[in-house]
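Read top to bottom, the protein sequences are chains C and E. Per our numbering, residue 1 is the first one in the first sequence, and the count goes up by one each step. Per our numbering, residue 1 is the first one in the second sequence, and the count goes up by one each step.
Hints may be right or wrong, so weigh each one.
Identical copies go unnamed one by one, so any copy, or any two together, can satisfy a pair.
[Unchecked claim] Think about it this way: if two alpha-carbon atoms lie no more than 20 angstroms apart in a straight line, the pair counts; the simulated SDA-like pairs of lysine to any residue are:
# : residue 1 : residue 2
1 : Lys325    : Pro147
2 : Lys255    : Leu104
3 : Lys325    : Arg143
4 : Lys122    : Phe91
5 : Lys330    : Asp92
Calculated from the structure, these hints are not laboratory results. As the structure is a prediction and not an experimental result, all values here were calculated from the model.
There are 2 protein chains.
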Amino acid sequence: MAVPQRVQDLLTPALVLDLPQLRSNARLMADRFSQQGVQLRPHMKTHKTVEGGEIMTAGTRRCIVVSTLAEAFFYAENGFDDILYAYPLPFDKLDRCAELAQRLELFQVLVDSEAALAELKKHPLQGGRVWHTWLKLNCENGRAGIPHSDPAALQLAKAISQSESVELTGVYAHCGNSYHCSGGEEIKAVAQATTTATLQFMEKLKAAGIHGVKSSIGSTPSCSHPVPDMALLSEVHPGNYVFYDIQQTLIGSCKIEEVAVRVLTRVIGHYPATNQLLVDCGWTALSLDGMGRLPTGYAVIEGHPELKLLSMTQEHGKVEPVSGKLDYEKFPLGSLLSLIPYHACATAAMHPVYFVQSEGRIVDTWTPTRGW
Amino acid sequence: MAVPQRVQDLLTPALVLDLPQLRSNARLMADRFSQQGVQLRPHMKTHKTVEGGEIMTAGTRRCIVVSTLAEAFFYAENGFDDILYAYPLPFDKLDRCAELAQRLELFQVLVDSEAALAELKKHPLQGGRVWHTWLKLNCENGRAGIPHSDPAALQLAKAISQSESVELTGVYAHCGNSYHCSGGEEIKAVAQATTTATLQFMEKLKAAGIHGVKSSIGSTPSCSHPVPDMALLSEVHPGNYVFYDIQQTLIGSCKIEEVAVRVLTRVIGHYPATNQLLVDCGWTALSLDGMGRLPTGYAVIEGHPELKLLSMTQEHGKVEPVSGKLDYEKFPLGSLLSLIPYHACATAAMHPVYFVQSEGRIVDTWTPTRGW
Numbered sequence: 001m002a003v004p005q006r007v008q009d010l011l012t013p014a015l016v017l018d019l020p021q022l023r024s025n026a027r028l029m030a031d032r033f034s035q036q037g038v039q040l041r042p043h044m045k046t047h048k049t050v051e052g053g054e055i056m057t058a059g060t061r062r063c064i065v066v067s068t069l070a071e072a073f074f075y076a077e078n079g080f081d082d083i084l085y086a087y088p089l090p091f092d093k094l095d096r097c098a099e100l101a102q103r104l105e106l107f108q109v110l111v112d113s114e115a116a117l118a119e120l121k122k123h124p125l126q127g128g129r130v131w132h133t134w135l136k137l138n139c140e141n142g143r144a145g146i147p148h149s150d151p152a153a154l155q156l157a158k159a160i161s162q163s164e165s166v167e168l169t170g171v172y173a174h175c176g177n178s179y180h181c182s183g184g185e186e187i188k189a190v191a192q193a194t195t196t197a198t199l200q201f202m203e204k205l206k207a208a209g210i211h212g213v214k215s216s217i218g219s220t221p222s223c224s225h226p227v228p229d230m231a232l233l234s235e236v237h238p239g240n241y242v243f244y245d246i247q248q249t250l251i252g253s254c255k256i257e258e259v260a261v262r263v264l265t266r267v268i269g270h271y272p273a274t275n276q277l278l279v280d281c282g283w284t285a286l287s288l289d290g291m292g293r294l295p296t297g298y299a300v301i302e303g304h305p306e307l308k309l310l311s312m313t314q315e316h317g318k319v320e321p322v323s324g325k326l327d328y329e330k331f332p333l334g335s336l337l338s339l340i341p342y343h344a345c346a347t348a349a350m351h352p353v354y355f356v357q358s359e360g361r362i363v364d365t366w367t368p369t370r371g372w
Numbered sequence: 001m002a003v004p005q006r007v008q009d010l011l012t013p014a015l016v017l018d019l020p021q022l023r024s025n026a027r028l029m030a031d032r033f034s035q036q037g038v039q040l041r042p043h044m045k046t047h048k049t050v051e052g053g054e055i056m057t058a059g060t061r062r063c064i065v066v067s068t069l070a071e072a073f074f075y076a077e078n079g080f081d082d083i084l085y086a087y088p089l090p091f092d093k094l095d096r097c098a099e100l101a102q103r104l105e106l107f108q109v110l111v112d113s114e115a116a117l118a119e120l121k122k123h124p125l126q127g128g129r130v131w132h133t134w135l136k137l138n139c140e141n142g143r144a145g146i147p148h149s150d151p152a153a154l155q156l157a158k159a160i161s162q163s164e165s166v167e168l169t170g171v172y173a174h175c176g177n178s179y180h181c182s183g184g185e186e187i188k189a190v191a192q193a194t195t196t197a198t199l200q201f202m203e204k205l206k207a208a209g210i211h212g213v214k215s216s217i218g219s220t221p222s223c224s225h226p227v228p229d230m231a232l233l234s235e236v237h238p239g240n241y242v243f244y245d246i247q248q249t250l251i252g253s254c255k256i257e258e259v260a261v262r263v264l265t266r267v268i269g270h271y272p273a274t275n276q277l278l279v280d281c282g283w284t285a286l287s288l289d290g291m292g293r294l295p296t297g298y299a300v301i302e303g304h305p306e307l308k309l310l311s312m313t314q315e316h317g318k319v320e321p322v323s324g325k326l327d328y329e330k331f332p333l334g335s336l337l338s339l340i341p342y343h344a345c346a347t348a349a350m351h352p353v354y355f356v357q358s359e360g361r362i363v364d365t366w367t368p369t370r371g372w
């Protein structure tokens, strides 16, 4: 089906990206770390598109992070290289990882256990290649990795660096705990703590005679409010910043004007008996992320702070006024509403295609990869 | 990539369907209403696949409900007909609806407002065709439709039946309020109330001289526990029953043995410091539906009532014991866990392909349609 020229002619629901804003978000982050001499290795997970990766790498198609092997293959097939698969090494996918490690100039994996190292050693690469591995450090985030102060972390680093078929390329920490922050100062405190823990670990490596190892931390909040010590890191790896979202505005990573993603929806029902509107955006178009905890429910309805997206089913969303009676004349059947998502990664994951606009004109469509 | 022969060799996360169970669920529902002389019009929304539609229609590829126009086109292109697009008529998609109405033997739409009727009249079909419309009645479910006791409902029915270009084909009610039930008796009470309200409305139609109109109610709970009066309806339109899920077991629609869908996941991390396991199932593979309110969190882990899926991020799930210390030896890195989803529709929506198994062998892959 032909794509319309104007945003307002899109069939809904539709995910719409603001290209100038998205480019600006990408440029700002790139400039920020370029000035510090820190390599930006952008994470692709939010959009999973070639075009988004092209913009985030400023056209180099080099130096990215992915969180699924499907993304790794997708980017490899589209001419990207220097790919870090920043995910605890999945034993079922070792053959496929080896395929990429043999094929690309630089494909890197993550390990956080002696068992994972043993798996890599059991599957040595061919042709003099080594497994480029990053050691995942848990710096108070608590999801994956070895706790930074646990002697097992240094022990694993030593074991990797003593291996012939595996190289200790870097140390990787995700400061996901920055998502619990509110405001720049709290974010900076987490950024500082993660940076300090990572740099202290790097010192331990040096003291143990292990040199030439990179260090990387990341999360959109911490990289939006970096602390000076982050200039001592080799790399950072934020991802969400290219879109930003309402969650990031609440954390304090960005202003609402910087959010580059919307879900366009139309009014499909007037139900005065319940003081509600029905819209054609259900959880298949927005996701349930945020769980409706915003004062305006599951999203912010652009230009309508008086409205709340109260609930969603598969293809329906219920909208009601934050207070008082709904003025139905302002929202005729078929009229458009623009939703600013709570969590852009979760919303984007629901869409088979993104519509890309500039000043109200559709200028492109981007097709993300899916699966694992 | 080649699909493995055995379920345990699938790369994870993976959505796996139990074909014999799924066929049994479909057959049971079909037999139940066939015996009552009520037409089963299965809803496709849960799986959105050709193969699922084939099984639910017992091979006829006739008489289905869809909730997106993308589904309608997908099924039309795959030889299905007699399709009811049971969604408040979306004004932006009228041209595309007309395309299907001209092309198929029977394509039917839903209206619940005078404005929608006016739109249909403004866009009459060609070649002597009429718009086949179902009037959406709100029988205490409260999502869409005109309240059944509102005089506006009968007024709209009269207006449709007086139109030359639009035909009143049926009256449609969704008993989504059955999702608040617990147990067969509560479900039957909702089924009875919806049936009674619908049949009373049918009597009003007859009294107004409007004859030959079909009636349909549906939801998986009410159709799993039908009341005798449902035999007086023309049709029913459940959908989820082909998979069932944990939510349906809690409502009382089915037993846990009847749930035909799983998400297979593997252990990717051991973190004794937090007494947790990490698995490779995040919300991209399960959805956030259910919001973690089960005693076992976001899902039931098959065969492991002692475990809880505590939380998920995009590609990671944290598992911990319901109580006590985790015995890591029972769950080595790389070992499989099988998740029974809270809400099958939401989980299936996250997967680009479904793996279909019978007695542990992969016998097929099904590819759903996506988008709107």
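Going down the list of hints, with the structure as the test:
1. Lys325 x Pro147: Classified as between: cross-chain Cα gap 19 angstroms, same-chain 53 angstroms, threshold 20 angstroms.
2. Lys255 x Leu104: neither (38 angstroms within a copy, 49 angstroms between copies)
3. Lys325 x Arg143: Classified as between: cross-chain Cα gap 18 angstroms, same-chain 45 angstroms, threshold 20 angstroms.
4. Lys122 x Phe91: within (11 angstroms within a copy, 60 angstroms between copies)
5. Lys330 x Asp92: between (55 angstroms within a copy, 18 angstroms between copies)
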